[in-house]
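Engineer: Quick mapping for you: the protein sequence lines, in order, are chains A and B. All letters in the first sequence, in the order written, are residues 703 to 1314 by our numbering. All letters in the second sequence, in the order written, are residues 703 to 1314 by our numbering.
Hints are computed from structural coordinates only; laboratory data are not their basis. Remember, predicted model here, so these are calculated numbers, not experimental data. The reader is advised that the hints may include incorrect statements.
If chains are identical, the list can't say which one is meant, so a pair holds when it fits in one copy or spans any two.
In the EDC-like style, the derived pairs of lysine to aspartate or glutamate whose C-alpha atoms are separated by at most 20 angstroms in a straight line are [claimed, not checked]:
no., residue 1, residue 2
1, K953, E1065
2, K754, E764
3, K808, E1201
4, K1284, D1309
5, K1284, E1206
Protein chains: 2
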Amino acid sequence: MSEPPISHDVQETAQGRTRRALPNLIAAMYRPPIDEIEFVLRHLVPFETLTKLDEFSHVDLETVHGILDESGRFFAEVVAPLNRVGDQEGSKLTEPGVVTTPTGFKEAYAKYVEAGWPGVHLPAEWGGGGFPYTVGMALQEMITSACMAFSVCPLLTQSAIEAVLQHGSDEQRGTYLENLITGRWTGTMNLTEPEAGSDVGALRTKASKQADGTYRITGTKIFITWGEHDMADNVVHLVLARTPSAPPGTKGISMFLVPKYLVRSDGSLGPRNDVRVVSLEHKLGIHASPTCVLAFGDEGEGAVGFLIGDEEAGMAYMFTMMNAARVSIGVQGLSLSELAYQQAVDHAAQRHQGRLPGASANEQVLLNLHPDVQRMLTTMRANIDVMRGLLYTNAYYLDLAHHAADESERRSAEQHASLLTPISKAFCTDLGVEMTSLGIQVFGGMGFVEETGIAQTYRDIRIAPIYEGTNGIQAIDLVGRKLPMDGGEVIRHLMAEVEETVNEMSAKTSLATAAGSLASGLAAWRSATDFLLEADPLDKLAGATPYLRMAGLVLGGWFAAKTALLAELPARDDNWWEQKLKTSVFYLEQILPPAAALLPAVTAGADRLVAP
Amino acid sequence: MSEPPISHDVQETAQGRTRRALPNLIAAMYRPPIDEIEFVLRHLVPFETLTKLDEFSHVDLETVHGILDESGRFFAEVVAPLNRVGDQEGSKLTEPGVVTTPTGFKEAYAKYVEAGWPGVHLPAEWGGGGFPYTVGMALQEMITSACMAFSVCPLLTQSAIEAVLQHGSDEQRGTYLENLITGRWTGTMNLTEPEAGSDVGALRTKASKQADGTYRITGTKIFITWGEHDMADNVVHLVLARTPSAPPGTKGISMFLVPKYLVRSDGSLGPRNDVRVVSLEHKLGIHASPTCVLAFGDEGEGAVGFLIGDEEAGMAYMFTMMNAARVSIGVQGLSLSELAYQQAVDHAAQRHQGRLPGASANEQVLLNLHPDVQRMLTTMRANIDVMRGLLYTNAYYLDLAHHAADESERRSAEQHASLLTPISKAFCTDLGVEMTSLGIQVFGGMGFVEETGIAQTYRDIRIAPIYEGTNGIQAIDLVGRKLPMDGGEVIRHLMAEVEETVNEMSAKTSLATAAGSLASGLAAWRSATDFLLEADPLDKLAGATPYLRMAGLVLGGWFAAKTALLAELPARDDNWWEQKLKTSVFYLEQILPPAAALLPAVTAGADRLVAP
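Based on the sequences and whatever the hints tell you, model everything.
Structural biologist: Below you can see the structure in the form of C-alpha cells.
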C-alpha cells in the first residue's frame, strides 16, 4: 500500500516555527474487507445458485476471490489516496464550459479504465467481464469506500449503460456501449430541473423532431453528477425531455441520448454538441464530484439528441433502471459506514485516554477498552454487517431477475428485488449518516477537525438519503407500489421466510432471547403491513417512513439471525466467528427492539400530524 | 429586520453570463420564538417562584418580555447576518499571534457590549443585569440560533466569570469581573492538552510559584475556543495546570488566571503576557469561532498566572462551574434545531413539488402539504418543544440552587439540577444533530448545497455532542455520579413527579393513549434505574448511553404531557393551542415509544460488547 498523503491544512500558523500540537492522526488508508464480503457471498447469498445459471457458468468463488483481491488492492492503492485531495481541491469550473478535476483524478481514472475494472459485471459481448451484479456490487462497495466522489462517475455511467443496453437501437448499442462499458466514455442521467426534483413529471426540457429523425433538445438540467469533466474523451448524457405534443406529467416524458461530442459513423468523435456546463454547485460533501447545471441548446436550435426506444416511454425506461441505481445508492451507506468504522477502530486502537473503574490516575488505557467506546464500535459493526447482508441479497435477486432460466423464477426474483430496493436505498443511507456520526463521536474533539478525515466521511454521505429518490420517496414507493404487489403476497412470502429463521433460532437455547426479539419485530411488521395494505391513501403516506425503518430493522435482524445460526455451530471456535456471533446477537438483542415500538407511528394516520 | 445577505457562492461560473438555475433559496433570517420561550417560562417552569426570591424581587414576566423582545430583535438584526459570512470567511491567523475575525464581527460585538446584553443574568454588583439564569438562557438560546460561532465567545466568558466570581480573591474580582461581565474583555477555559482530552487529569501544563506570589505557566493547550481574537481589548484565560509537587490525576490540578495583557493597579492594560496562539484548527463547523492552540511561556520563563483560590483545588472549582456550562451546550442543540426548523418550514412553505393522492399531473402542491414532510416538521417541532421544557427547567433549578432562601431547598434544587444536567447536555445535542439532519432532508437536493444555509446548521451543531464532556462522558456522569445521589432518592423523586403527571393525564379520556405511552416509558426507566444502581462498574458503563437516551425520552414525554394537559383545557381553542396539543400528543404517541425498547441495551452488560 502506498503511504497516506501528508496533510498540511491544520498547520495554518503564520509563524515561521510551525507547531502541531494535535497528535498526528491522519486517517489510515482504507482496507478492503474481502473476508466480510466473501462471508456474505458464501453464507448469506446463495451465490452457487448464480454460478449454476448459463450466463455465469464461467464464474466460481475462487475466480471471484481473485477479482476482489486484485481490485480491492487497486482501490486501496490508487483510488483511496484521491479522497482527501479531492475534498480539499474539489472539481472546478476553470474556464467557460471546462471542468478540471482535482490533482491525480485524471491519471487514476486512466489506470482504472486500463485495469478493466469498470465493466466487471457488464456483458462480455460489449467489452465487460460478464460477472453477476452481485460481484459488481462488491467492487462498487470498495471503490465507494476508497473515494465516494470518484465512485459516482462510473456509477452514473452504469445507469446510462443500462438505458442503452435495454432500450437502445442496435446502432446506438454499437456506437456507445463498448465505449461506456470499458469506461473510455462516461455517462450521466439528466432528470432534475429547477422545478422538477422529486416530481420528475413536472420537467419542461423540450425535444423537437427533425426531418433526419434526430431531435433538438433545449432546456436546463440541474444536479447533473459528473455532467462535465476532463477524465474521459466523451460524455454521454441520457436526458428526459418532452416532445411538443406530449401529455403533462410522467406520461409525456421521452428519453434521449445527447453526447458531448457527436460520433461519426466510423466511431471517431465529431463536432461538439450544444450541451454545456454553466455552473457547479458548492456542496456539503463529495467536492471532487462536479455537480453541474447543464444548458442544452443555448447556442442555437438545440442540442442534437437521439431518441431511446419510443416517444413517451421514457418514464417506463427509468423504472427498469431504477432498482439497480437505487440499490447502488444504498451501497454508499454501507461503504461510508465501513470507512468510518475503519477510521474509528484505528483511532480507538491508538489513542490512550481515561481509566477503567478502580484504576489509578496513571493507568491510561486505549480508547477501545472503554465499554462506551466498545458500544459505539459494536453498533457500527453490527449495522454494517446487516447492511451488507441486505444489499448483496438485493443484488442477488436482481441477477436472478435478469438471468434465471425460468420465467416464473425471474418474475418472483424481480418482485423480491423490487420489494427490497427502497429498503436497501433508504435504510442503508440513513444508517450511513448515523454510523459516520458515531465515527466522529469515537474521535472526540479530533472528529470535528477536518485533518482526521472522519468529518469528510460524515459530509460526503449526507447526499445519499437525498438523491436517486429521497428516502421519503423510497418509503412511499415501498408502501404505495411494493406492498400491494400480488395483493400483498410478495411481502407475506418474505415475512414467512423470516419466520422460518425465527423458528430455527428458537430451538437453540443460547439464542432464545435473540429469537424472541426477532419474533417481536416480525409480529409488529406484520401488523404494520396489514394496516398499510388497507389504509387510506393519506394514512399510507403518513406511516411510510417509520414503516420503512421498521422493515429495515427486522430484515437486519433476519440477516443477523442467519449469521448467528452459522456462527454458533460448534466448529466455529476462532476469534473471527466469535466476534460474528457476538455482533449478530448484539444486533438482535440491542438494536432491533425499537423496531416494534414504531408500530404506533406507522398506524397513527395523517390527521395526527401538524398541518401548516 | 435587515435584508438577508446575498450569497454568491454557488454562482461559480467562469462564463460572463451568470446563470442561476436553482430557485433563489437563501435561508430566511432567524425569527426569535418569543411566544414559545414565554410559554415555557409561564407554564412549564414555575417562574413566579423565582420572582418571589429576594434576589429577583425586581423581576416580573412583563419586564422579562421587554428584554426578550428587545434582545431578540438585536440578535435577529445584528447577529444573524454574521452567520453566513462567518462560515464562509472563518476566523484567520493573519500574522504571528494575530487572529482576525470575519467581516462585521468586531462591529457587531461592540454593539452587543454597548447594548448591555452580555451580563443580563449576571450580578448587578459587577455591572450585570441581575436577572435569573433562566432568563439568561433565553438570551443564549436566541444568540446561538442567530450565530452559534459568535455565541460561543460570550458563552466561554461566562465560565471564566463564574470561576472568578465563586473562587477569585477580592482583588481578582475587582480587577476582572466588571470588565468580563460587561463584555469589554472576554474569557476562555483552558483544559484540553494533546494527551488530555476527556481525561483532564492527564494534563501536563506546569505552574511554578514565584517569590511575589504569582506563578509562571508553561505548556500547550489545544481546542481553546476564542483563545485569541480582535473583538475585545483583553482576553482572560482560566488555565488548569499542575504545580511541581502536585499528585498525579485530577487531585493535583490548580486553576490560574492568565490575562493576555497584564493589568496595572489602576486598571489600565500593562505588558503583553507570554501566552500566544500558534495555530487554528480547520473545523467541520463554527468556522468563525477561532479554535486555538495556545502556547504558554514560549518566549521566556513562563506566562504570568494568578492562582484562583487554593492550590490543587482546580478540579473542584471546575465541578462547580460545570452544570451551567454543560446545560449551555445543551441549549446549542435546541437553538440549532430551532434554526433548522425555521429554515425547513420556510422552504416547505415556498416550494411546490409533487401531488397529493388522486390529483392530476398539473396540480403541484406546496411541500408542506405532503404527509411525509409534515412528519419531518412535526418531529422537529415536537423535539424542540421538549428540549425547551427540559433546559429551562434545568436552568430554573440552577437559579434555585443559588438563591433559594432555605438551605435544604437549595440543596434539593442543586441535586435536581445536577441530575438533569448530563441529560440536558447529551440528549439535546444528540437531538440537535438529528433534527438539523431532518432539516436538510426537508430541503431535498438543495439541502446538500451550501447556498441554502441548512448544511451549515448541520455542520455547526456537530461539535456540541463532543465538547464540554463528550456525550459518552455525560452518560457515565449520569449513571456513575448522579443516580447514586442520596442512595437513589433524587432520581426516584423525579420519577414520582413524572408519575403524578401520568395519573393526571390518565383521567382524561382523550389523552389515555398518550398517558399509557408515558406510563410504559416510566416503567422501563424505573427498571433501568434499579438495574444500574446495583450493577457492576463495567456494566454501568456499558449501559450508560442507552440509559441517558431513555431518560431524555421519558423526561421529554413528561414535558409533552404537561403541555398536553394545559392545551386540552376547554378555553384553549385557538390555532396556537391546537398545534401545541397535537405536537405534544405526537411526541407521546409516536416519538416516546422506543424509549422502553432501550431497556435490553441498558441491562445487557459489558460482556455483550465486542472487545478488540
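Engineer: Hint by hint, say whether it matches the structure.
Structural biologist: Comparing the hints with the structure gives:
Taking the shortest Cα distances, K953 and E1065 sit within 20 angstroms of each other only across copies (15 angstroms), while inside one copy they are farther apart (69 angstroms). For a Cα distance limit of 20 angstroms, the shortest separation of K754 from E764 inside one copy, 15 angstroms, qualifies, whereas the shortest one across copies, 80 angstroms, does not. Taking the shortest alpha-carbon separations for K808 and E1201, neither the intra-copy value of 50 angstroms nor the inter-copy value of 65 angstroms comes in at or below 20 angstroms. Proximity of K1284 and D1309 under a CA criterion of 20 angstroms is satisfied inter-copy only: 9 angstroms between copies versus 42 angstroms inside one chain copy.
Only within a single protomer do K1284 and E1206 lie at most 20 angstroms apart by alpha-carbon distance; the minimum there is 18 angstroms, versus 44 angstroms between protomers.
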